[in-house]
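*Asks:* Work out the full structure, taking the sequences as your base and the hints as a guide.
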Amino acid sequence: MWDGDIRPEGLALQYDNNLFFNAGFFYVEERSKDDESFLFAGQFGYKAKLGNGMKMTLGAGYFDYTEIKDRALTDFDYLKAEGDSFGNTLVDGHFVTDYNEVEVFGDITFNVGIPVSLFADYVVNTAADDSVKDKDTAYLVGFKVGKTKDPSSWDFGYNYREIESDGLNGLKIFN
Numbered sequence: 001m002w003d004g005d006i007r008p009e010g011l012a013l014q015y016d017n018n019l020f021f022n023a024g025f026f027y028v029e030e031r032s033k034d035d036e037s038f039l040f041a042g043q044f045g046y047k048a049k050l051g052n053g054m055k056m057t058l059g060a061g062y063f064d065y066t067e068i069k070d071r072a073l074t075d076f077d078y079l080k081a082e083g084d085s086f087g088n089t090l091v092d093g094h095f096v097t098d099y100n101e102v103e104v105f106g107d108i109t110f111n112v113g114i115p116v117s118l119f120a121d122y123v124v125n126t127a128a129d130d131s132v133k134d135k136d137t138a139y140l141v142g143f144k145v146g147k148t149k150d151p152s153s154w155d156f157g158y159n160y161r162e163i164e165s166d167g168l169n170g171l172k173i174f175n
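The sequence shown begins at 1 in the UniProt record's numbering and counts up one residue at a time.
Rather than coming from a laboratory, the hints here were simulated on the basis of the structure. Certain hints may be false.
[Stated by the list, open to error] Below, computed lysine-lysine pairings styled on DSS-like, alpha-carbon distance capped at 25 Å:
1) 133 <-> 69
2) 133 <-> 55
3) 49 <-> 149
4) 47 <-> 149
*Replies:* Set out below in structure tokens:
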């Protein structure tokens with residue numbers, strides 16, 4: 001669901017064995033005269049090898065943004081030039097809701113002569129204001145066939161995603 005090449009400023013901790021855990025504390029916007037906006041993030045899950053080349057990952061996550069609701073779009077330096085809320089609901093130029101996103105995700109990979117992966121991700125913004133409760137989810141489903149590991153190897157994938165206007169925070173961390 002999220003952009004994999006973004007490297008936000010902050011601190012991250014990872015543990016990965018069959019059980020995995022990711023935690024982070026990231027700056028969203030620093031302000032000299034007011035409270036800063038942060039993202040507190042955590043994910044945990046389990047990776048299993050099921051035999052016959054099958055493997056599976058199941059996990060859950062929580063992403064808590066601070067100091068977003070009622071903030072003016074212009075409170076975020078990188079948005080001043082663009083003037084874009086990236087789809088989030090604004091009223092009079094202010095964000096109408098907070099973002100506390102709960103995520104569940106999973107994938108399964110199996111081999112039918114070539115590797116095939118099926119994956120899904122679902123997020124709900126549990127802090128969505130009542131005025132946007134019908135716009136508080138996001139999901140992704142997809143597949144990938146093949147695996148690129150050698151110069152002559154290939155893969156093909158497709159995913160479909162539906163992101164409602166306040167299902168995910170659209171700030172720079174994901175764009």
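*Asks:* For each hint, tell me whether it holds in the structure or not.
*Replies:* Structure-based check of all given hints:
Taken as a hint, the residue 133 and residue 69 pair is honoured in the structure, with Cα atoms around 15 Å apart against an allowance of 25 Å. Between residue 133 and residue 55, the direct Cα distance comes to roughly 36 Å. Violation of the 25 Å bound is thereby established for this hinted pair. Taking the CA atoms of residue 49 and residue 149, the gap is near 20 Å; set against the 25 Å cutoff, the hint holds. Distance check on the hinted pair: residue 47 and residue 149 sit about 21 Å apart at the alpha-carbon level, within 25 Å; holds.
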